[in-house]
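Read top to bottom, the protein sequences are chains V and Z.
All residue numbers for the first sequence refer to my numbering, where the first residue is 816 and numbers rise by one.
All residue numbers for the second sequence refer to my numbering, where the first residue is 585 and numbers rise by one.
It is worth saying that the hints were derived from the structure and are not from the lab.
Wrong hints could be hidden among the right ones.
One side only, chain Z facing chain V, incomplete, derived with CB under 8 Å [what the hints assert, rightly or not]: (1) Glu640; (2) Thr641; (3) Leu655; (4) Ser659; (5) Arg662; (6) Thr707; (7) Met778.
Label-pair restraints from in silico Cβ distances [claimed, not checked]: (8) Z:Pro698 - V:Gly1114: 51 to 61 Å; (9) Z:Ser659 - V:Pro1124: 32 to 42 Å; (10) Z:Glu740 - V:Glu973: 53 to 63 Å; (11) V:Arg976 - Z:Ser659: 35 to 45 Å; (12) Z:Ser737 - V:Asn961: 52 to 62 Å; (13) V:Val943 - Z:Arg602: 42 to 52 Å; (14) V:Asn961 - Z:Ser659: 25 to 35 Å; (15) Z:Arg602 - V:His995: 40 to 50 Å; (16) Z:Lys889 - V:Lys959: 23 to 33 Å; (17) V:Gly1114 - Z:Lys889: 49 to 59 Å; (18) Z:Lys674 - V:Val943: 23 to 33 Å.
Just so you have them, the derived chain V footprint on chain Z, three or more residues with Cβ under 8 Å [to be verified]: (19) 739-749; (20) 897-911.
Positions of the beta carbon are idealized from the N, C-alpha and C atoms, including for glycine.
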Amino acid sequence: MTTEQDQIVEQSQLGNVGDLSGDSLLKVRHLSVDFVSIDGRVHVLNDISFDVKKGEIVGLVGESGSGKTTLGLASLRLLDSPPAEILQGEIIFDGKDISKISDDELWQVRGTGMNMVFQESLIALNPVYKVESQLGESIGTRNKKNSLHTDKETDKSEMLRILRELCLDKPDMVLKKYPHELSGGMRQRVSIAMSTVQSPRLLFLDEPTTGLDAYVQNRILSIVKQLNREYGLSIVLITHDLTVASKICDRIYVMYAGRIVEIGTSREILDKPFHPYSESLLAALPSGFEDSPPLPVPGGEPPDLKHLPQGCKFNPRCIYVMDTCRTDEPDLVNFEGRMVACWKYPSTAKK
Amino acid sequence: MNVDASSNIVEIEDLVVRFRARGHKSGFFRGASWNRAVNGVSFSIKKGETFGLVGETGSGKSTIARVLVGLYKPSSGRVRILGREINYRKKEDVFYLRQNVGIVFQDPVGSLNPRLTVRDIVTEALVASKSVKKRMYDSAVLDSLERVGLRRSSLEMHPRELSGGEKQRVSLARALVVPKKLLILDEPTSSLDMTIQAQVLNTLRKLKAELDLSILFITHDINVVRYMSSRVGVLFYGKLVETAAAREVLMAPKHPYSEELLSNIPQLVATQSLDSNAATRALVEHSPASEGCIYRNVCPKVFDKCVDEPELAEVERGHDVACFLYHDSMQRT
C-alpha cells in the first residue's frame, strides 16, 4: 500500500516540487487514533497517510472534528494517553520511526526537529511570565540540546533579531510585556518566535490566523511564507479556511471525519475540486453582492464522531449521493493524478 | 434634519464613546487619560437596509453595537431610533431602544447561559419585553425557533449540547422572538466552520426578507460583508472614513484606508500569487495619528493638507469620504 500510494502521488504532477520518495521529511503511514472515554471509543483518525517534503508547505483543511489538530499532535507524539490510543501506524521523521522511540530520544526530535505553534496563543503562552523569559526558556532548551553555552547578552540580541524578523515593531518593548498585554496578532508572532528560535526543520501551525482580522491574517501568512522561503522550513498549516490554505500551501489534504478525502495541489483543488466535500467548502465562501443567489451549501452539521453514518461519512450531506455511498466506504485512490475518496470516480468504482 | 427621516430606522450623530485608560497617576483624576473608542461617528440605517460596518480589531465596531442596545452609554452625540431620540439616563428610553433593537453577539458560548435550556433562553427575551401574554410564550418560542431553522427537539437542550452554528441560531431566535425593527449582528459567523457560516448567512438573508428587518452587520470579513450588505461603512480607529453603497465601496473604494483594507480580502488564489508587494505593505503596523487625519501616519497618499482633520463629506451621490484628496477635487469642479 505504501509503495503503491507513493507511486500514485509521484504520478500526479508533483514532480516539480521534488522526488517524493527520497525527499520526504515526514511520512505518516496508516495512522489510526482512537479516543477512549467512559462514553465509549471514538475513531478520531482512520488510516491516515500523509507526507511532508523538504521545503514544502502542506495544508490540512477540514471542519471541526475532522481530526486535523489530532493529526498534528499525533505526528509530534503530543497526544495524551489516555484518552488517546494509537492503534496502528508509523511516523517516520527524517528516516527514523519516532512512533516507538523512548522519551529521551523524542526530546531530541521535538523542538529542534519538529515544532508546533498552537491555536490559542493566549493559552499557549504562560500568562505569568514576560515574553522575554518565555523566549529565553526556548533558547535555553535549544542550547541544552546542542550543548551550547551562550551568555545573556547574546540571547537577548537573538531574541530581538527574531522578533524584528517577524516584523514586530519595537521588539525591546514586546520583550518586557506579559502575553495579555499584546494584541492577538502580536501574541501569535511571539508564539511563532518561540518555535522558530529553536530552528526546527518542520513546523506545525495550528489555525495560526483564526480569530485575527483579514489584515493581520495576511501579515502572519506572509511571515510564514517568508520563513519557508528563507530557511527552507517545511510547514504544515492546519486550518478550516480554504482561502488561508490556498494562499500559501503547495499541497492540500482535505479531511473529513478523521479521514483524508482528497489530496491535490492548491491550484488543482481550487480549480476543480473532485470530492463533493471539497466542492462544498469552496461553495461556502461568500461571493457576490446582496442580490446574488443564496450560497449552494449542503445542509447538515459537521459529523459527530460518535455517530458516524455507514458507508461514506459525507453521504448524509452529499448532493451526489448514490446507493453505494450509504453502504460502502470509498478508499482513497488515484483519479486523474489526484487522490480522492469518492464513489463518483470510476477508478474507485472498479475496486 | 432629513426630509425622509421617517424611513430611517436608526440615526447616529457625532457619537463619541470614551473609556478611562489605565496608567494614570495616583490621585483623583490626576493625569487620567481617556481612550476614544468611537470618535464622532455619524450614520443612519434606512428601513429594509443592511448596513455593513467593517474595520480592523479595535476600530470601535462592537462599541457602536453595544451603544445601540444600551450596554454602553455614549459620552456625547445623539442616537435616534424610529425618530425618537434616546436619552440614556432615562430607563424608559433604554427600554424603548431594546424593544426595537435585537443583537446577536460574536461568541456563541459566552452569550448563552449554560444553565438554561433553549426554551428558557428564548423565553427570557419574551419576559423582558413585557409585550407578550404569558400563555403565548410557548407558541412564540416555537415559531421563533422554526424561523431560524432549529429543530423542535432542541427546545429542552442546554447550550453545551448544541453545535456552534446551532448556538448562534438560538441567539438569533432570542433576538427575534419579539419582533424587532433593527437587528445587530456582531461578527455572528466568525467562529463558525465554513459550510456552517454559509448556512447561517443564507438563513439571515431569508429572515431579513421575511420579517422586513433592517440589519447592522458588523464583521471584519469583507467577503461576508459583500454578500450581506446594501451599504457599507469603513471604520478606522473610531472614525468612519467612508460610507457608500456596497458595490461602490467594494469595487471602487475612495479612501486610501479602504483601498488597503480591500487589498487584504481573503481570496481563493493559488499559492505563488501572494505577491511580495502586498506582503511588505501588509507588514506595516497601523498606528493612528493623534491629530489631523487619523490615517496620515501610514497613508501612502499623504500630503500637506492632512495635518488638518477631514470631515466625512459627500463627494459623489451617496458616497461619503473623509479624505482631502476628494474634497479638493470637489471644490475644483
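Would you pick out the hints that fail for this structure and give their numbers low to high? 3, 4, 5, 6, 8, 9, 13, 14, 15, 16, 18 and 20
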